[in-house]
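Could you build all of it, start to finish, from the sequences and the hints given here?
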Amino acid sequence: MTSDTRAGWRPVTESVGSVRAMKALFLRDLKAAFRQRQDLLNPLLFFIMVVTLFPLGVSPEVSFLQQAGSGILWVAALLSVLLSLDHLFRHDYDDGTLEQLVLQPQPLFLLVLAKVAAHWVLTGLPLVLLAPILGIMVHLDGNSIGVLCLTLLIGTPVLSLIGAIGAALTLGLRSAGVLLSLLIIPLYIPVLIFGTGTVAAAGEGAPVSGYVALMSAFLVLAVTLAPFASAAALRISLSNA
Amino acid sequence: MWQLFHKLGSPKWFFGMANRLMPWLLLGGVALLFAGLIWGLAFAPQDYLQGNSYRIIFIHVPSAFLAQSVYIMMAVAAAVTLVWRMKLADVFVKSVAPVGAVLTFLALFTGAVWGKPTWGTWWIWDARLTSMLILLFLYFGVIALGAAISDEKSSARAVAVLVLVGVVNIPIIKYSVEWWNTLHQPATFKLTEKPSMPAEMWVPLLLSVLGLYLIFGWFACLRMQTEILIRERRTRWVKELVLAGRS
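Protein chains in written order, with full-length UniProt numbering: chain X, 1 to 241; chain Y, 1 to 247.
Simulated from the structure, these hints should not be mistaken for lab results.
Hints should not be assumed to be uniformly reliable.
Among chain Y residues calculated to face chain X with C-beta under 7 Å, some are [as the list claims (entries may be wrong)]: (1) Gly141; (2) Ile143; (3) Ala158.
Remember, predicted model here, so these are calculated numbers, not experimental data.
By construction, the Cβ of each residue, glycine as well, lies at the ideal position given by its N, Cα and C atoms.
Rendered as structure tokens:
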């Protein structure tokens with residue numbers, strides 16, 4: 001190969017910009033998920049069932065539920081996101097797609113971001129949409145339900161982003177599920193504290209803008225930093241296989 | 001400086017170095033810790049409010065101090081693992097993670113014992129206590145992940161990523177007593193200010209903190225040596241060492 005042909009040589013995929021690649025990957029993940037509808041439904045059913053456990057297991061009294069409701073919903077949402085994380089990279093890992101993604105010319109962290117975005121649309125967003133109904137069932141008042149949905153809307157993407165790190169780290173390991181929870185739950189705690197803190201403040205009639213700003217700061221921090229950690233973890237897990 | 005860095009790449013060199021260093025660390029650590037503890041427990045004046053119960057500070061503060069700095073040291077070692085792939089850095093992370101977990105537990109436990117007479121409760125869901133509990137969970141996570149991956153190289157790098165992600169918790173612990181209204185008192189030592197207690201109290205406390213640091217150094221060396229022996233068991237120098245020890 002002479003030097004000028006080499007200068008003219010471009011890998012075919014380089015003509016695809018990062019944004020277009022992200023969009024393609026995002027749509028592909030959505031399409032693949034909709035072909036397996038039951039998998040989409042399971043975390044949501046889990047969410048509903050966990051919420052049901054608390055009135056039955058602790059106390060169905062209105063005063064208790066009003067107080068604990070936002071916490072119950074948040075914990076249930078957290079757990080169902082945690083449960084769904086295993087699927088985030090698993091299928092692509094099993095059929096080798098993930099290796100192809102790592103080899104793409106586009107930066108891996110952007111591709112990870114696209115996959116996490118798809119994951120959030122498939123799990124986090126439905127949870128947010130379901131929350132008002134369950135909120136009514138645990139006797140939260142209208143204002144609290146609104147604030148709860150807002151915190152879930154900001155908080156669940158953070159859960160997906162942080163969770164992706166754990167999912168990438170535990171990829172291909174035996175008993176990955178339990179290990180994943182072990183690694184990720186400590187990192188979820190701050191989000192949970194501020195998420196429920198916001199709703200509690202709203203219940204007392206206190207202003208919530210400070211809380212919401214802090215949660216948004218979490219989201220910004222997670223969007224900017226977590227994809228890098230996930231991408232690094234993916235490379236490690238793939239070199240392991 | 002760079003020479004030391006290169007030498008640290010050799011587990012054999014570190015093994016010999018640790019052998020020479022360890023007696024001093026142990027001796028200094030035990031001396032300082034004993035001095036600090038005996039002075040603190042027997043001779044330091046009573047607190048006008050808490051009486052004698054405050055004396056647990058001489059165990060509580062050193063272990064809490066160490067629990068956090070061990071994590072920071074692990075994070076530095078994790079960065080070294082990721083950037084330079086230095087084996088010894090990973091040996092350090094794997095060896096000290098359980099030690100850090102024990103120290104965190106000790107800090108929480110002594111805190112609970114201290115909390116009972118002063119706050120009237122063993123445990124309270126306060127920012128400082130909760131974030132220390134999260135630190136304990138993080139240590140558990142690091143240990144669990146390290147144990148789950150059998151391949152040495154990818155285990156080292158995966159653990160390093162996890163340790164670095166967990167670093168976000170350290171500033172939260174540090175500043176939790178200033179950001180939030182909590183029961184826990186603010187930091188005992190600050191670099192910029194004079195301690196708020198009399199010298200008869202803070203000098204023995206400082207001694208026991210330093211003593212525990214040295215003992216931690218000794219213990220870390222010991223655990224690292226063990227880990228090195230296990231990892232390098234197929235090399236010639238380890239075989240020779242073991243044979244020499246047996247005869």
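Quick rundown of the hints versus the structure:
1. Gly141: 4 Å, holds
2. Ile143: 10 Å, violated
3. Ala158: 5 Å, holds
Hint violations for this structure: number 2 only, all remaining hints satisfied.
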